[in-house]
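Required output: the full structure, derived from the provided sequences and hints.
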Amino acid sequence: MAPVSRRRTKGVTIFGIVLRTPYWVFTGSVGLIFLAPLLWTAVASVGPQAGTNQVDGWGFGNYETLANYQAGIWRYLANSTFVSLLTVTLTLLISLFGGYAFARFRFPGKNILFLVTLAILMVPYATLLIPLYVLLNQVRLENSLVGVALVLTMFQLPFSTFLMRISFEAVPRELDEAAMVDGCSSFSALWRVLLPAVKPGLITVGLFAFLAAWNDFMAPLILINDTERMTLPLAVSNLRGQVQGVVDYGATEAGVVVLALPCIVLFLLLQRHYVRGFMSGAMKG
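In the numbering used here, the protein residues as written are 1 to 285.
No wet-lab data here; the hints were simulated from the structure.
There may be inaccurate statements among the hints.
[To be verified] Calculated lysine to any residue pairs in the SDA-like style (CA-CA distance at most 25 angstroms, straight line):
(1) LYS110 to VAL193
(2) LYS199 to GLY98
(3) LYS199 to PHE105
(4) LYS199 to ALA170
(5) LYS110 to LEU93
(6) LYS110 to PRO172
(7) LYS110 to SER186
(8) LYS110 to TRP191
(9) LYS110 to LEU195
(10) LYS110 to SER185
(11) LYS199 to ALA179
Put into structure tokens, the structure is as follows:
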């Protein structure tokens with residue numbers, strides 16, 4: 001009976017491989033389609049191109065152009081990092097308490113307030129930038145990285161609050177009720193019991209907020225007019241036409257690579273939590 005069992009197992013394994021091969025081929029092809037532009041940009045950023053700082057041979061001449069542009073790449077990286085980290089911090093704090101309140105407490109007008117919060121998603125992003133610029137000017141936060149972070153946080157909050165609400169709702173109420181029976185306050189139950197349970201949702205919210213803030217171009221374009229305070233996407237855009245409107249494709253490609261690397265690294269490191277964060281709502285449903 002043992003040889004028959006081995007043959008049957010082997011046949012099932014081969015049959016499974018044959019069934020999965022089209023899936024592997026399809027997903028691999030889709031992956032290559034998405035990776036091809038980024039790989040081409042990375043290769044082109046170090047390859048020889050006419051009209052760039054890397055004319056002959058392979059090297060990092062385009063990155064030197066990017067590094068020495070106006071205030072320097074390190075300044076623009078620091079600006080983008082500051083805006084992104086402040087946006088992530090504010091988004092996490094506000095959406096954490098907002099999602100907790102919507103998921104665990106009952107108060108008049110809760111559903112209406114939640115719908116109003118989500119309604120911000122239906123407003124076109126660009127239409128609010130000018131009114132927000134006027135508002136920031138009145139509170140003396142115009143031409144400020146803090147002002148940019150506040151604007152980006154506002155646009156991240158509807159989706160982030162929604163995601164945190166379904167993350168909290170996926171956690172059984174018995175956990176925080178048991179904690180309160182043991183003497184915990186609402187805040188203590190949130191900090192000690194619920195926070196570890198909604199960690200995937202928090203990581204997902206933080207990752208989304210970082211990607212949006214790091215890559216955003218419109219808000220810095222409207223709100224920042226000082227070259228010392230430009231974020232990296234705005235600096236790369238200005239670099240494209242620095243010499244009589246002629247596009248420096250080599251330096252632009254180098255800027256794209258520098259912009260993409262932190263996003264790729266963070267996503268690869270956090271993808272497991274990212275998937276779990278999105279699945280938390282589906283698991284409850």
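Legend entry - Numbers of the earlier hints that this structure fails to satisfy, in rising order: none
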